[in-house]
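Trainee: Chains as they are written, first to last, in the working numbering: chain Y, 121 to 582; chain U, -16 to 141; chain P, 3 to 430.
Just so you know, these hints were derived from the structure itself, not from any lab.
None of the hints are false.
Between beta-carbon pairs, the in silico distance windows are: (1) P:F146 - Y:E368: 55 to 61 Å; (2) U:G130 - Y:E422: 40 to 46 Å; (3) U:N28 - Y:G308: 41 to 47 Å; (4) P:G201 - Y:K196: 22 to 28 Å.
With a straight-line Cα cutoff of 30 Å, these simulated BS3-like cross-link-like pairs (lysine-lysine) come out: (5) Y:K196 - U:K38; (6) U:K121 - Y:K161; (7) P:K94 - U:K129; (8) P:K59 - P:K373; (9) U:K121 - Y:K378; (10) Y:K497 - Y:K305; (11) U:K121 - Y:K196; (12) U:K121 - Y:K157.
All values reported here derive from a predicted model rather than from experimental measurement.
Ideal Cβ placement from N, Cα and C applies to all residues, glycine included.
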Amino acid sequence: MNDHSLRKFYGWFTALGLLVGVLVVMGYYRDEYREWKDYQKKYIQEEIHRAATPQQKAQAERIALQIRQVQLPDLKRVDRCTTCHLTVDDPSYGGYPQPLAYHPLHEQHPFEKFGCTVCHRGQGRATTTADAHGNVAHWDEPMLPMEYIQASCGQCHEAADNPSAPELARGQQLFEDSGCRGCHKLGGTGGVLGPELDRVGARRSPEWLRKHFLAPASVTPGSAMPPQKFSQTNLEAIVLFMLSQTGEATPGYYASMKVLPNTREGQRLFQQKGCIGCHSVAGQGGKIGPALDDVGMRRTPEWMVQHFRDPQSVTPGTVMPKFGFTEVEARALADFLVHLREQSVALSLPSLMGPVERGHQVFKKYGCAGCHGQDAKGGVPNPNAKTAELVPDLLHVADGYTKDELKARVLKGQKEITALDTKRPPPPLYMPGWAGTIKDAEVDDLVAYLFSLKPKGEDVGF
Amino acid sequence: MNHSDSQNKNQVTRRSFVRLTLGWLSATFAVGASAAAAVRFLVPNVLFEPSQRFKAGKPEDFPDGSVTFMEDERIFLVRKGNTFRCMSAICTHLGCTVNRANQGYHCPCHGSVFDEQGAVKGGPAPRGLEWFLVSMSKDNRLVVDKGQRVAADKYLVL
Amino acid sequence: MKTPWLRQIWDRFARTRVGRSIFRVGLPQSNLEKSQAMVSSFLLHVQPAKVHKHALKASYSLGLGLISLYLFFILIGTGVLLMFYYVPSTEKAYDIMKDLQFVVSAGLVVRNMHRWAAHLMVLFVFLHMCRVFYTGAYKRPREFNWFIGVMLFLLTLGLSFTGYLLPWDQLAFWAITVGTNIAGYAPVIGPKIKFLMLGGNIVGQESLTRFYALHVIVLPAMALLGISVHLFRVRKDGGLSRPDESGDVVEQIPLGQLPTNKSYGLMELARGTTPQVGKNPEDEVFSWPHLVFREILLFLLVVAVVLFLAVFWNAPLEEFANPIHPPNPAKAPWYFLGLQELVSYSAFWGGVVVPGLIVTALVALPYIDRKRHGVGRWFASERVVANTIFSVCLVVAVVLTIIGTSFRGPNWGWVVPWHQSPAITEGH
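Isolated chain Y, as found in the complex (with noise of 0.2 Å):
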């Protein structure tokens, strides 16, 4: 047999031949030309062009192109944001187009330990600025738009105590305000109506969020969350606020620098750690160590956070227990002291406060007002009730029950609500039992509470 019968092969093999080559150095072509490596050169030219001296010159010329990542093993993240934006912390770039802006206030929040997808979200093991900024399927965590950027702060810190995040305060006092506990918990507060919300920032976007607000029953299918009423402004704090709630735990070093030092957290401390069961304030309180009121007079707040240190080197003899509080903490408090005297900060202590004042904390605390309004005034739907299809206001309680009924109503719940057309679906909000969840005293302040609601001159008796 000759060998010419695989000349037929030949042109086959030159095609496939040539095939795998055209191939191989398509696929070359894709791996070496990749998107960061334009962005690196328009910086290294950028620097080239400011060099002011010739070794200036040298040293940007020496500029590598790499990747560069920051790697946060306690986040568990790597982000390589600074592939491309390569400028984050040289202020002499401010201003200038992304990705080569300058990024400030990173003083509190330095790079190497924070990196960025911690507050920017994103996704931060990718190269390419589509990945990377996390729009694309299989991605859980795009990137947050910057009016929700507050949000991020709320991971870590308290949201009523940061300055810098105006918006997330005001959403969180919406949040409390609006009674959303009575269906919903969060923080393991609130009720069972409705999911817990502890991680809704992390697995819903801002547009759901609002969605859900306005229309509940558009995103959630056969939903009983009345539609909230909210302006445009309040809508956004408050979904800036469930943005926050991502349910991340902040380990270590950050759990140790989140508290941040001023006089709301300080106050926050105070309660906490019942100081008022030794020192009084405002003449209420314990006495076995001295009153507060002026304190901030007679020390100053380095002697304030060196006895929170250790009290026995400050004060010897005396019987007050080291509480190990952190620095932050510490300064938090003695910031607080120092003001005592300045702010009513004296009539917001629960334990100063009277049975009717805490019976209104409690409904707050649980939320009542999202199903019995505003200050209990009514007004939320509950379609088919018969109570006027909407949830009873709690203005006229004293008239209806006594304090034990009353007590036993708020402890025991209604399942079933009598339906005004048997016909239709139920109605689906009912009033759920609160034993287990609320305290018995917090039950009996509430119950003064709601007693003192009935409007004043309509006193007209049985």
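The hints should help you fit chains U and P onto chain Y, whose structure is shown.
Mentor: Using the frame of chain Y, we list chains U and P on its own:
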């Protein structure tokens, strides 16, 4: 080689010669390129080790006349007046971390002694402690680059 | 191959001291050299010195077995490369997949090649099995080789299945959840097998570790062994099946009475008998270059196709595996979707009986179908019964797989694929 004689089937024609050559060249190129690509694949583009280059802190964080030991990075940052320098804390003998002595440095493992400038004063160390490049970043922080060794007289002067 | 310049270069090297120590033969010129090139080479001696012309016909075998083998080689090559980066940790694996795409040079292409070659290999091993069936090439004396082939097919499925989990994304996690659940339906031993596979009760780190071990060493080693025996058997059973074999009786022929005048074969030099199937010297050609060149060509074709797919289509990578959020519907890998469809009707019949019957039937086939006719031809008319039964089963399997792939949507309900009903996912 008889190009035009296609009668003689045992001879290769110009067409089949070109085809074969082209085919073999392409195939060889593809094999070679693939092998090169495989090797390049194995060369890491990013490292997950702690970076050699890091920001040590603001100049104000280091008081005048101080020698600051940075444990994780195993370096000493020395400030004198307005000058800064960085020395490795790794003994050049067998790699233990040296300790700061009253004057100079002392290795606890085999007793090497170094003077203030890191030069060997005694013990088995073969050479002085390494000096690393210190520079200033654009946001006013001291940057140490352990990947860049410098001569034992290079200071950063602010 | 007539490229005198290439031959010259090669010969110059092959005749040096170094060259001669490696290659005993230069580029083969004479018949003797052509035989020796096969017989005295470690890599090449799996091939005979001469092959029957019929075996070279592309229209007969379609090269399916070779294609499967080449895909396997590509998988080994790309797989070893990937092993330099991949770590079988539930915390790291997904991030590494992302790094392959974004940071590693040629990472995306290598991963894509691996994935597409894997899918193609499952397909082509299956097609190879069909070819062997339709040409009756499982009949005596090739019964045992068919058995090894069935085992290799199962190994291929196992390799694909174990590899499927490694990216640790939603696609991987839930496909394996479904697949191991199907395995768990077997009576008595099912749950135990599932427990063993998963290294526990859930798909977790232990599962990933085991699947990795199976995927990179255990199953490939078994497959390589199986392939070696499989190819060896092809040789010893008389090469690829041919039409004029049918009716021939395999006999042990004492040397000296060989009907052929085969020269340079080892058999002539040894004592004893040799299994010999009717061969005439005019029907045979030297493996070098006829077989070898075709093999190289086919290899180029396979590489071209895999590379083409890899350059233009990316292997999927979905979200990080989330045990709390199953996709709706959760689907097994495509080659198990026919089974999943059956299981949706009945776990026992679909998950246990049918697969069990299929494997048993396949293995038992050559021992049941003992008629010697119809070997070496496609769709031989004598085998119409067997061919029909097989074809029906084949069509049913394909239809079930298509249904499972395209016509099943959320809650495994019916969907019409061109009406684009999206799967139920979290609103975003």
